[in-house]
Amino acid sequence: MYDITSIYQARSVDDAISALKNDPEALVIAGGTDVLIKIREGKDAGCRLVSIHELREELEGVALAPNGDVEIGPLTTFRGCTFSDVIRATVPVLGEAADMAGGPQLRAAGTLGGNLCNGITSADTASTQMAFGAVLRVRGPEGEREISINDWYRGVGKVALAHDELLVKIVIPKSHYEGWSGHYIKYAMRSAMDIATLGVSCLVKLSADKTVVEDLRLAFGVAGPVPFRCLETEKAMTGLPIGEAVKQIGASALKEIHPRDSWRASKAFRIQLARELSGRALAEAARKGGAQI
Amino acid sequence: MSMEILSCTVNGRPVEVGIDPRESLADTLRERLGLTSVKKGCEVGECGACTVLVDGEAIDSCIYLSVWAQGKKIFTVEGLQDESGELSPIQKAFVEEAAIQCGFCTPGIIMSAVEIVGSGKQYTREELRKLISGHLCRCTGYQNILNAVERAVNEAHKFVGK
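Taken in sequence, the protein lines are chains A and B.
First residue of the first sequence? That's 74 in this note's numbering, and the numbers climb one at a time after it.
First residue of the second sequence? That's 380 in this note's numbering, and the numbers climb one at a time after it.
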């Protein structure tokens, strides 16, 4: 039995929004894999919940829009993301990242939307969505607005979502993924049921002969209070031969990250991981894109 | 909190049961329906002892609210036995491979195995390791569990040899 004061099961997205508007203290619960654990720990004990768990028709599934954009319903589970044909065909690295969260049962319950809305730096899909420059469509009492994922994070556990707004769509525009290949590396103490000590997602766009970095995206989780991109490194790697970029990317990224000591790992270890894994992620992303390295 | 009626299918039978909306599915299955194969281990979705199938997918029932099960099909180990009380081939594989020591994690792993076998695919040992990675076993060291799951998959699909 959970220490919950009330739970309102929303009948639609609009119904959920009005329930949130009417109760400034209420918490949204979707997959439940974070919220219920926090209640169990006592952090959110006694809370009032607005459940959107059953709004699958409105909020679940991945679709390819007529213009080629990938549209992900935020209630899509990690598992649903990994096994989506659209994800596999367009942004396979996102499906691979989703396949690294927790274990199989958790991946059948936890959602991509929750992974962004909880504002957690270790969220396994967040750095890849960051690298793709996902556009987040949110709906509130006044209607819908779009927020770039670059403007989403406002601090640990805080995102640019008003209390009475819901994330209703994650959009990865065609121009953000077409011609790119990517690779995500999660470093954790166990290969399953663990939280990332460090996560790095690297996307690369190669020259026509597959030898030069034409453009690059590098995003980290657990290298700072929220997931973020290394914009300077992205610029610095552009135009370099792939082998050279693989050599340089780690040292360059270190100038932009700011990991800390935690009980999971020391700052020094995270720095070492970031330096080493950046190059590995780029090399693998380039290989997936057809480079011979 | 006022009670609600949960209508769902449990192990193939339609069930109507009064629940408290604060209950987890693990609570409801154990306390109200007497399905004690569903174990409560960590109660935070880490150990997999409470794994059941909801509409065919293995989930941790300790972090699944019962109110969400409305209209869904739930499957636990109690639903595996046939009418004569015979164990299912998957259960027999666990016995044959000595994949059980204290037994606390076993019902959960068997439910994951039901989903794995039911997928109709063959898997490498590495893939099977990943598919049961949402379960913790503190006794066996997992090798016999893997042997059992592998055996159950092979027997179900009559795959021959390694």
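If you are wondering where the hints come from, they were derived from the structure by calculation, not from laboratory data.
Note that CB positions come from ideal geometry on N, CA and C, so glycine has one too.
One or more of the hints may lead you astray.
[As the list claims (entries may be wrong)] Partial list, computed: chain B residues near chain A (C-beta under 10 Å):
(1) 402
(2) 430
(3) 437
(4) 441
(5) 447
(6) 457
(7) 458
(8) 459
(9) 508
(10) 509
(11) 515
(12) 518
[As the list claims (entries may be wrong)] One side of the interface only, derived from the structure: several residues of chain B facing chain A at Cβ under 8 Å:
(13) 381
(14) 382
(15) 394
(16) 398
(17) 403
(18) 422
(19) 424
(20) 436
(21) 446
(22) 479
(23) 506
(24) 507
Hint by hint, here is what the structure shows:
no.: 1; hint: 402; in the structure: 6 Å, holds
no.: 2; hint: 430; in the structure: 6 Å, holds
no.: 3; hint: 437; in the structure: 5 Å, holds
no.: 4; hint: 441; in the structure: 8 Å, holds
no.: 5; hint: 447; in the structure: 5 Å, holds
no.: 6; hint: 457; in the structure: 19 Å, violated
no.: 7; hint: 458; in the structure: 18 Å, violated
no.: 8; hint: 459; in the structure: 18 Å, violated
no.: 9; hint: 508; in the structure: 9 Å, holds
no.: 10; hint: 509; in the structure: 7 Å, holds
no.: 11; hint: 515; in the structure: 8 Å, holds
no.: 12; hint: 518; in the structure: 18 Å, violated
no.: 13; hint: 381; in the structure: 10 Å, violated
no.: 14; hint: 382; in the structure: 13 Å, violated
no.: 15; hint: 394; in the structure: 19 Å, violated
no.: 16; hint: 398; in the structure: 10 Å, violated
no.: 17; hint: 403; in the structure: 7 Å, holds
no.: 18; hint: 422; in the structure: 6 Å, holds
no.: 19; hint: 424; in the structure: 6 Å, holds
no.: 20; hint: 436; in the structure: 5 Å, holds
no.: 21; hint: 446; in the structure: 6 Å, holds
no.: 22; hint: 479; in the structure: 20 Å, violated
no.: 23; hint: 506; in the structure: 11 Å, violated
no.: 24; hint: 507; in the structure: 11 Å, violated
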